[in-house]
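So you can see what is in the structure, the chains are spelled out below.
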Amino acid sequence: GENVEQHPSTLSVQEGDSAVIKCTYSDSASNYFPWYKQELGKRPQLIIDIRSNVGEKKDQRIAVTLNKTAKHFSLHITETQPEDSAVYFCAASILPGNQFYFGTGTSLTVIP
Amino acid sequence: EAQVTQNPRYLITVTGKKLTVTCSQNMNHEYMSWYRQDPGLGLRQIYYSMNVEVTDKGDVPEGYKVSRKEKRNFPLILESPSPNQTSLYFCASSRRQGSETQYFGPGTRLLVL
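Which chain is which? The protein sequence lines are A and B, in order.
Read the first sequence against our numbering and you will find it ends at 334, with the numbers running on by one and no gaps.
Read the second sequence against our numbering and you will find it ends at 168, with the numbers running on by one and no gaps.
Keep in mind that the hints were calculated from the coordinates and are not lab data.
To spell it out: a stretch of chain B is covered by chain A in this simulated footprint if at least three of its residues, at any positions, have a beta carbon under 8 Å from a beta carbon of chain A; those stretches are:
| no. | segment |
| --- | --- |
| 1 | 96-107 |
| 2 | 155-164 |
Listed below are the simulated EDC-like cross-link pairs for lysine to aspartate or glutamate, each with C-alpha atoms no more than 16 Å apart in a straight line:
| no. | chain 1 | residue 1 | chain 2 | residue 2 |
| --- | --- | --- | --- | --- |
| 3 | B | Lys112 | A | Glu224 |
| 4 | B | Lys124 | B | Asp111 |
| 5 | A | Lys244 | A | Glu278 |
| 6 | A | Lys264 | B | Asp93 |
| 7 | B | Lys126 | B | Glu108 |
| 8 | A | Lys244 | A | Asp271 |
Even glycine gets a Cβ: it sits at the ideal position worked out from N, Cα and C.
Given the sequences, and given the hints that come with them, work out the whole structure.
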């Protein structure tokens, strides 16, 4: 099956700085890559996703990039704010997207 | 209010005592899925369902059963729970496919002694 690796496991940044979280996947057939944010004690929530026919996608301060050749994708958060502090999970799936494989999570702390 | 609900939210049980965790959504979603979350392992998919009477195994289905007799409900059954099934369980649903936004339930924290 698919294997998704996520790095780093913890990340601390100063408010206003950028944060980057990276994931690699093993199955070249994977073509859908969502990112989830989970605040402490809460449920995961989808924040952005990308499909393999696109190299980059942005939504305000959040962007995701995908390198199909290298089989890795990254989450970029710019101008970080304390409310960005959470655990972030990447995932990989094959469209139409029924079976999902998640990374182990990155705990992001934004220091005011 | 559109939502995914799970019951119970917390459960302490003993090895071998059958239990069911219920999941219900009121959004008429076709896709539903169960995940478990463990420290250092992230989320792992147990089972998913693409519609009524259609279920399939995820990455870690051993020791679990599911059923989808109605569109709104997707219970997770542990026939003979073991301590290694102690975990935080999430149910999720999406409109038609998992690649559409998945809405997660609040989670069920299970401790098997």
